[in-house]
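Participant: All chains, full assembly: derive it from the sequences and hints.
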Amino acid sequence: VKIVEPGTLAERAGFRDGDRILRVNETDVKDLIDFQVACSDAHLVFEVEREHDTYEVEVERGEGEALGFDFDEMRLRRCNNKCVFCFLHQMPPGMRRSLYFEDDDYRLSFLHGSYVTLTNVKTADLERIVQQGLTPQYISVHATDPELRDRLLGRTRETVPILERIDYLARNGIEMHAQVVICPGWNDGEQLERTVHDLHEFYPAVRSVALVPLGLTRFRSHLPDLATVT
Numbered sequence: 030v031k032i033v034e035p036g037t038l039a040e041r042a043g044f045r046d047g048d049r050i051l052r053v054n055e056t057d058v059k060d061l062i063d064f065q066v067a068c069s070d071a072h073l074v075f076e077v078e079r080e081h082d083t084y085e086v087e088v089e090r091g092e093g094e095a096l097g098f099d100f101d102e103m104r105l106r107r108c109n110n111k112c113v114f115c116f117l118h119q120m121p122p123g124m125r126r127s128l129y130f131e132d133d134d135y136r137l138s139f140l141h142g143s144y145v146t147l148t149n150v151k152t153a154d155l156e157r158i159v160q161q162g163l164t165p166q167y168i169s170v171h172a173t174d175p176e177l178r179d180r181l182l183g184r185t186r187e188t189v190p191i192l193e194r195i196d197y198l199a200r201n202g203i204e205m206h207a208q209v210v211i212c213p214g215w216n217d218g219e220q221l222e223r224t225v226h227d228l229h230e231f232y233p234a235v236r237s238v239a240l241v242p243l244g245l246t247r248f249r250s251h252l253p254d255l256a257t258v259t
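Going by our numbering, the first residue of the sequence shown is number 30, and it counts up by one from there.
Honestly, the hints are just simulated from the structure, not real lab data.
Wrong hints could be hidden among the right ones.
[What the hints assert, rightly or not] Here are the simulated SDA-like pairs of lysine to any residue, each with C-alpha atoms no more than 25 angstroms apart in a straight line:
#, residue 1, residue 2
1, 59, 160
2, 59, 88
3, 151, 47
4, 111, 221
5, 151, 161
6, 59, 97
7, 59, 164
8, 151, 140
9, 59, 30
10, 151, 193
11, 111, 244
12, 111, 72
13, 111, 155
14, 31, 47
15, 111, 218
16, 59, 142
17, 111, 77
18, 31, 111
19, 59, 102
Given the structure is predicted, the values throughout are model-derived calculations rather than measurements.
Facilitator: So this is what it looks like as structure tokens:
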């Protein structure tokens, strides 16, 4: 807990800045999403760590009543791709540090609509998306041809085909929005037709497909030679 807001339920229950919430109603809490899901009940039992001691706090929450916690930012998953069109690799120097961080985190996809490639998720992550209903997910597809997609993502090792990921999520009630960054000579033409057709097969689970022209900046160097969209 970064801040307990004054005059709130959390303050009245005795929480303090710096408390660490371990469990809510006997459910482990690893991040903000776990916390939000666990706090859906009116009667809440918190297991809290403070200065190496652990204790319980019981709270009765009124309908729609805010608890009053402000948390530290989640530790985000870093992108493990080297996309040929990545705008972060074309940023000017001297900007604030956070602008250069390459995130690829399915939790941000649910919370803020960030597009993710799903190349760094494990089976347990997919199961969590389904179990906690983290829908919709925003998926950076770029191509449904597995070989081409790996090349676009700059992968040196094969990844799980994206259609397998989409199929699993669709069968388990997760809605998705897909994105394709158009790179002329790579994933346009027949490849783009194939990608759109493949994604259409998953409608209505795949709610939309955004076609985005790649962006190139004057700070691009030592990167694959790409043509602009005309």
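Participant: Hints first: check each against the structure and report whether it holds.
Facilitator: Comparing the hints with the structure gives:
{"no.": "1", "hint": "59 to 160", "verdict": "holds (15 angstroms)"}
{"no.": "2", "hint": "59 to 88", "verdict": "holds (20 angstroms)"}
{"no.": "3", "hint": "151 to 47", "verdict": "violated (31 angstroms)"}
{"no.": "4", "hint": "111 to 221", "verdict": "holds (21 angstroms)"}
{"no.": "5", "hint": "151 to 161", "verdict": "holds (16 angstroms)"}
{"no.": "6", "hint": "59 to 97", "verdict": "holds (19 angstroms)"}
{"no.": "7", "hint": "59 to 164", "verdict": "holds (19 angstroms)"}
{"no.": "8", "hint": "151 to 140", "verdict": "holds (19 angstroms)"}
{"no.": "9", "hint": "59 to 30", "verdict": "holds (13 angstroms)"}
{"no.": "10", "hint": "151 to 193", "verdict": "holds (13 angstroms)"}
{"no.": "11", "hint": "111 to 244", "verdict": "holds (15 angstroms)"}
{"no.": "12", "hint": "111 to 72", "verdict": "violated (46 angstroms)"}
{"no.": "13", "hint": "111 to 155", "verdict": "holds (23 angstroms)"}
{"no.": "14", "hint": "31 to 47", "verdict": "holds (6 angstroms)"}
{"no.": "15", "hint": "111 to 218", "verdict": "holds (23 angstroms)"}
{"no.": "16", "hint": "59 to 142", "verdict": "holds (21 angstroms)"}
{"no.": "17", "hint": "111 to 77", "verdict": "violated (40 angstroms)"}
{"no.": "18", "hint": "31 to 111", "verdict": "violated (34 angstroms)"}
{"no.": "19", "hint": "59 to 102", "verdict": "holds (12 angstroms)"}
Hint compliance for this structure: hints 3, 12, 17 and 18 are broken, all remaining hints hold.
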